[in-house]
Structures are given as C-alpha cells and as structure tokens.
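In case you want the letters, here they are:
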Amino acid sequence: GEDVEQSLFLSVREGDSSVINCTYTDSSSTYLYWYKQEPGAGLQLLTYIFSNMDMKQDQRLTVLLNKKDKHLSLRIADTQTGDSAIYFCAESYGSSNTGKLIFGQGTTLQVKP
Amino acid sequence: GAVVSQHPSRVICKSGTSVKIECRSLDFQATTMFWYRQFPKQSLMLMATSNEGSKATYEQGVEKDKFLINHASLTLSTLTVTSAHPEDSSFYICSARDRQEIRNSPLHFGNGTRLTVT
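Taken in order, these protein sequences are the chains called A and B. The first sequence begins at 1 in this note's numbering and counts up by one. The second sequence begins at 1 in this note's numbering and counts up by one.
No lab work stands behind these hints, which were simulated from the structure alone. Where is the CB? At the ideal position from N, CA and C, for every residue including glycine. Check before you lean on any hint, since a few could be wrong.
List time: in silico SDA-like cross-link candidates among lysine to any residue, alpha-carbon distance up to 20 Å [said to hold, decoys possible]:
1) A/Lys100 with B/Lys55
2) A/Lys36 with B/Leu76
3) A/Lys36 with B/Ala2
4) A/Lys100 with B/Thr32
5) A/Lys36 with B/Pro40
6) A/Lys36 with B/Arg37
7) A/Lys100 with B/Lys14
8) B/Lys66 with B/Pro86
9) A/Lys100 with B/Asn51
10) B/Lys14 with B/Lys55
11) B/Lys41 with A/Glu5
12) A/Lys100 with B/Val62
13) A/Lys100 with B/Ala2
14) A/Lys100 with B/Gln60
15) A/Lys100 with B/Ser43
16) A/Lys56 with A/Glu38
17) A/Lys36 with B/Thr78
18) A/Lys100 with B/Pro86
19) A/Lys100 with B/Glu63
20) A/Lys100 with B/Val117
21) A/Lys36 with B/Gln42
22) A/Lys36 with B/Arg114
23) A/Lys68 with B/Ser43
24) A/Lys36 with B/Lys14
25) A/Lys100 with B/Gln42
26) A/Lys100 with B/Thr78
27) A/Lys70 with B/Glu63
28) A/Lys56 with A/Gly40
29) A/Lys100 with B/Tyr58
30) A/Lys100 with B/Thr31
31) A/Lys67 with A/Pro39
32) A/Lys36 with B/Lys41
Which residues of chain A face chain B? A few of them, derived with a C-beta cut under 8 Å, are [to be verified]:
33) Tyr48
34) Phe88
35) Leu101
36) Phe103
37) Gln105
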C-alpha cells in the first residue's frame, strides 16, 4: 500500500541549514506537503508542492521534488532554535479528491544554540 | 488564514464514560472534515472522513460504533469516543478543507485533543 518514509531525527547548529528527507510510494499523488508540529500542539502547514513542480521556495524554506525517485526534501536555511519541532511529510492519497493524507512518521529536528 | 478550532484541548475521563470532541471551521465552510489519531512519538493515522449531512467513512480497523462521528453542519463535526478505555488514550486531531478551495488544497488542522482515560 501507500507509504511515506522519513528519517526520525536530525540535529543541527543554529544558523546552519537543515535538510529533511522523505520518500513516498504513490506516484499518482498530486500534492505533497510539509507540516510542523510543536510539542502538544496540532499541525501547522509549512508548505506544499504540486507534483508537476521540481522546486518551490518560500522565504527560508525550499522544497525539492524528484518525482522519478519519489523523493521530497525540505531545506530550512539559517535554522533557528524556534524551528525545533517534528516535521511531517505527507502525500495526498491518489489522484482523486478524497482529501486524505498519508503521513510519514515525522522527523524530530533539534537545533542547538 | 483558515482556522480550525478543536475543543476541548485536553480531557481526562474515567473508563466506561463517553467523551465528545468538537471540531469547528471558524471562517470557512467545510463539507468534509477528517479525524486523525496520533500515538506518542508516532505519525498520524486517519480514522475517518466526516461528510456533512451523510454518514462518515471509516478507515479499515476503526470501530464505527466506538468512534461516533456527526457532521451536522458545514462548520461543525464531532467525534464521540463511547465507553472509553485506557487504550483509547491518545491525541486526536481534526482537519478540514475550505469547500471554496481547489482540489487537493491543503488541509487546515485543529490543535488537537489530548484524551486520557483512567
């Protein structure tokens, strides 16, 4: 079935760039998303990319999509301590408009001062 | 931006009682809302899709009689955990999409409800 995989943990120093990687299996997904979750809170949408795009940049965030390899990455430039959180990659479930999302297991980003 | 309000944020109840969680879209109408469950340090698992004016669609393995979903209006969906047991303790998050937005537009999430059953 459909699956989304992420590495579980990433540690960087403040000011460095962070790159969080994700692989997915459903090639018919039309959108791929990055969400951020702080402790005890819900999910905050960071950015999303349409499947016919290769890259999307939004301020400090850059999303790269390699559709051939089914690989998605999120780069955070100039990482700050406030960026410490769990980051979830998600793909839309197939090409139909069901609205379902399949989430990865989340990558915990630790930013050291 | 679109806001989804979830209430309560935290609830502790005794085993055998029922708990109702509300999910409201504050500044948009949502024909479809989604209920997710998240175990500690784990990903989100879709439980069911809530459709305004019709029955919810449950994912495989989710007991519809235990997790009652009602979507009575375009801005409110409720999840009732009936006869709760300690294994139902979890973080429940709802999400919704603005009916005016395009297909596969991003979902807006509530802040979640931490349920603890003692």
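List of violated hint numbers, smallest to largest: 2, 7, 10, 16, 17, 18, 20, 23, 24, 27, 28, 31
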